[in-house]
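Visitor: Our numbering runs 774 ahead of the 1-based position in the sequence shown.
None of these hints come from the bench; they were simulated from the model.
Treat the hints with care, as some may be off.
To be verified - List of simulated lysine to any residue pairs, SDA-like, C-alpha gap at most 25 angstroms:
#	residue 1	residue 2
1	K943	V959
2	K1152	L1194
3	K884	Y896
4	K1532	Q1522
5	K1069	D1042
6	K1302	Q1522
7	K1248	S1099
8	K1414	I1432
9	K1270	L1001
10	K1152	D1111
11	K1052	V871
12	K1161	V1174
13	K1163	I1432
14	K1152	E1048
15	K1532	V1494
16	K1197	D1042
17	K1170	E1153
18	K932	H892
19	K993	D1042
20	K1156	H892
21	K1532	L1503
22	K1240	R1230
23	K1187	E1108
24	K813	K1163
25	K1434	I1457
26	K884	K932
27	K1161	V871
28	K813	I831
29	K1067	L1114
30	K949	L1001
31	K1210	L1105
No experiment lies behind these values; they were computed from the predicted model shown.
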Amino acid sequence: MLPNDLNSQQQQNFERYKERLSNFSNEFELGLFLYITRKNLKWIFIFLTLSFLGAFIYIRYTPPLYKSSSVIQIRNDNKEKKILEFTGIPEESGIDVALELIRSKYLFTKAIEKLNLHVTYYNEGQILTELRYPNPAYYLYDLSITDSSIIGYPIDVKYADNTFTISYKWNNELKEYTCTINDYVETPHFKCRIILQDEQALLSSLKENRNYFVINDIKSLAAGFYLRLTARILNASANTIEVIFENNNLHLCRDVVNALTNTYIEYDLEQKKESSQKILAFIDAQIDTVYAKLKNSEDQIQAFRQINKVKDFKGVADNYLERLSVLESDLLKEEIDEKLLNEIEVNLNKNNSEADVYNMISILVGTRYENPLSESIKELQKLLLSKEKELFSVTKRSEVIKSLDYQIDIQIKVIKKAILALKEQIQKRKSSIKDKIAQYENIYYGLPEKEVEYARLERLFNINEKYHTLLVEKKTEYSIALAGQTTQNQILEEAKLPSSPISPKKKLVYISFFVLGMLISLITIVVKYLMYNNITSLHEITKASNASINIIGLIPKYKLDIPVSQLIIDKNPKSIISEAFRTVRTNLQFISNEPGPKVVSVTSTISGEGKTFTAINLAGIIAFTGKKVIILDVDMRKPKIHIGFNVSNDAGMSTLLIGKSDLQSVIRNSHLPNLDFITAGPIPPNPSELIINGKIEKLIEELKTKYDVIIFDTPPVGLVTDGLHLIQLSDYPIYVFRANYSKRNFVQNADRLINENKITNLSVILNGVDTEKNTYGYNYGYGYGYGYGYAYEAGYYTGEEVFKKKKKLKDFFKK
775 MLPNDLNSQQ QQNFERYKER LSNFSNEFEL GLFLYITRKN LKWIFIFLTL SFLGAFIYIR
835 YTPPLYKSSS VIQIRNDNKE KKILEFTGIP EESGIDVALE LIRSKYLFTK AIEKLNLHVT
895 YYNEGQILTE LRYPNPAYYL YDLSITDSSI IGYPIDVKYA DNTFTISYKW NNELKEYTCT
955 INDYVETPHF KCRIILQDEQ ALLSSLKENR NYFVINDIKS LAAGFYLRLT ARILNASANT
1015 IEVIFENNNL HLCRDVVNAL TNTYIEYDLE QKKESSQKIL AFIDAQIDTV YAKLKNSEDQ
1075 IQAFRQINKV KDFKGVADNY LERLSVLESD LLKEEIDEKL LNEIEVNLNK NNSEADVYNM
1135 ISILVGTRYE NPLSESIKEL QKLLLSKEKE LFSVTKRSEV IKSLDYQIDI QIKVIKKAIL
1195 ALKEQIQKRK SSIKDKIAQY ENIYYGLPEK EVEYARLERL FNINEKYHTL LVEKKTEYSI
1255 ALAGQTTQNQ ILEEAKLPSS PISPKKKLVY ISFFVLGMLI SLITIVVKYL MYNNITSLHE
1315 ITKASNASIN IIGLIPKYKL DIPVSQLIID KNPKSIISEA FRTVRTNLQF ISNEPGPKVV
1375 SVTSTISGEG KTFTAINLAG IIAFTGKKVI ILDVDMRKPK IHIGFNVSND AGMSTLLIGK
1435 SDLQSVIRNS HLPNLDFITA GPIPPNPSEL IINGKIEKLI EELKTKYDVI IFDTPPVGLV
1495 TDGLHLIQLS DYPIYVFRAN YSKRNFVQNA DRLINENKIT NLSVILNGVD TEKNTYGYNY
1555 GYGYGYGYGY AYEAGYYTGE EVFKKKKKLK DFFKK
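With the hints as extra help, turn the sequences into a complete structure.
Guide: Next comes the structure, spelled out in structure tokens:
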């Protein structure tokens, strides 16, 4: 790789990442993916551990939410009405109206008032605050509020030695008051007694937590609870409604639902009884009036008989008398209907929210105006209930309330117009009846004076008697109905104490956090897979170079610490790594098997890929065959051969090429027979010029007369161009990559040497493959293309195996 290529390495990596991302499904390598997964198992473990820890913390510090529900059935049948065959009480509203009433703020507030929530008691920890209901450790008794501004304000409570201390900040001033158990404590805002119920529980909670109480405004408290209320039609055909309430306190859930359903039934019964009682009061007033008229008529007839000394008048006047009676009865009915319409009109003239809709419906019962007006009045009732419901969450100035007010006004106007039309019809009928009465009276009064007078008195008596009888019958009917009146609504299922919270659900939370941990782990693995740019197998080298590079071997990773000499093939001749170098030595013959001395150059892209290690051990394995081998360290910028053989570097290639030393003086012998080496010598300022000055060719020719194989340890061609000339002079140019260290784009540099510099005999060695952990690189590429493989079953062993066995034995005896 050239220097200017290094500057664009980051851009190339990014382009490769984009290419792999776009072709992910096409070029997905399962082996590499599993290899990266194994390498990142610790991160997967960390992510899963953090996810379970997060789930535990979430469950531990999230207030549990409970739910309780009840089922109520709405019934509209009236057995008393069916038995007596009269329209004695108004029909119950439908299930929709009942649902709106149950969901109304008015009814919910009435239900909350029945619970002991005028004062609520709290236990505040570091994170969670618990509502102590229904059994607080202490409670306020005989509470009287002198300043309503204290409502909703938290007041701290402390207890010690039978003494309560209450405190609160007011206008940035701390106010504290003390009292003994059952004694009164008086503050500028309220006065009460504090009763102790559970001393041990109070003392236990006061050790670490804060205890305080709040004096509540029931309407505000109900408004807060209302947000957790749900009422819905469970089965429309069965007229059942389900009432649900959710809260962090399981006892409060149950009590609120039961209080609401019971309040609805009581309210429904009260409304029915109140309507019947109003009707009875109206009938009683009318009975008294009619009875007075009836008594007066009876007295007049009796007086008339005594004066005229007769018992009865019979004659032609009977026919007219009967007609006049019918007309008078019709006129009386019209007047009663007119009074009913006037009373409805009075109710409508009240404020919309105060209109007694039940009373208006009850007044219409049994009249001929029941059908044309009752539907309109029921519609008005629905609108008023909807308005009351909306006032839970919006103000009176909101658009929703304005819209409902507008609809209510329109409905009232419709009813008023209908009443006005009905009253006009009544006036017309009354006028017609009066005309007929006048006509018949003119005829009737032409009869004998006493007979006419008697008939008139008798007619008035009959009319009053019929009216009085009718009222008495109605009173009897309503009295019987009221005495036996019960609500037909029924609670089918009472709310029960919740057995477990609906949130958080432990199993679901743990599963969710586990899935989240696995998802994060998978994303991490996928991202690392997409961004992974290291060479892991010979297959990747072949793929990146389009199979244009010769591959001559794979060197396993040496598990133990490499000795200073870096020559390890003589330490374990039967190890896998020694066999790997033998394979490389054998495969070199396939590149060129011509007789005569050979020149081998070993290079790499960057430092650290094992170039020197490969050169030294390849020289050693060739020397085992009896051939004379010499290694020349021409990496004069960063020499390592002298370190590998543990010698000084005072003279070598640099001094030889400048003529300061002769060849014989710089050649050194290793401990291995037939293996010599020349170190790099002192680092020169111009290593490139020394290599290309023409002396290196003469040196090679001279060395060929003494050695069978000449091996050059050249500089990395990815950093400098010093070694390019030596590679071109070599019979066996070798390019070294290191598994899990060399980048994939390094293959392009080797490919460039073949295509641009015409080094067609360039071959590749993959160094440092972990044969135990790197299953992907080992199994996928080991012996690629040549059929060579190594296994323990073949009789080969590694030095590291012996080391591990000895270490285990020592550890065993230490125990």
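Visitor: If you draw a straight line from the CA of K1161 to the CA of V871, is it 25 angstroms or shorter?
Guide: holds, 13 angstroms
Visitor: Is the straight-line distance between the alpha-carbon of K993 and that of D1042 25 angstroms or less?
Guide: holds, 21 angstroms
Visitor: Between K1156 and H892, does the CA-CA distance stay at or below 25 angstroms?
Guide: Violated, because 32 angstroms separates the two Cα atoms, which is more than 25 angstroms.
Visitor: Is the hinted pair K1210 and L1105 satisfied, with a Cα-Cα distance of at most 25 angstroms?
Guide: The given pair, whose Cα atoms are some 11 angstroms apart, holds under the 25 angstroms limit.
Visitor: Going straight from one Cα to the other, do K1434 and I1457 come out at no more than 25 angstroms?
Guide: Cα-Cα ~14 angstroms, so holds.
Visitor: Would the hint linking K1152 and E1048 be met if the CA-CA limit is 25 angstroms?
Guide: holds, 18 angstroms
Visitor: For K949 and L1001, compute the direct alpha-carbon distance and say whether it is at most 25 angstroms.
Guide: violated, 34 angstroms
Visitor: Given the hinted pair K1067 and L1114, is their Cα-Cα distance within 25 angstroms?
Guide: holds, 21 angstroms
Visitor: Hint check: K813 vs I831, CA-CA at most 25 angstroms. Holds or violated?
Guide: violated, 29 angstroms
Visitor: So if I understand the rule, the pair passes when the alpha-carbon distance is 25 angstroms or less; does K1532 with L1503 pass?
Guide: Given pair K1532, L1503 holds - Cα atoms ~12 angstroms apart, limit 25 angstroms.
Visitor: Would the hint linking K1414 and I1432 be met if the CA-CA limit is 25 angstroms?
Guide: holds, 20 angstroms
Visitor: For the pair we were handed, K1163 and I1432, check the Cα-Cα distance against 25 angstroms.
Guide: It is violated: about 103 angstroms lies between the C-alpha atoms, which goes past 25 angstroms.
Comparing the model with each numbered hint stated earlier shows that hints 5, 13, 16, 20, 24, 26, 28 and 30 do not hold.
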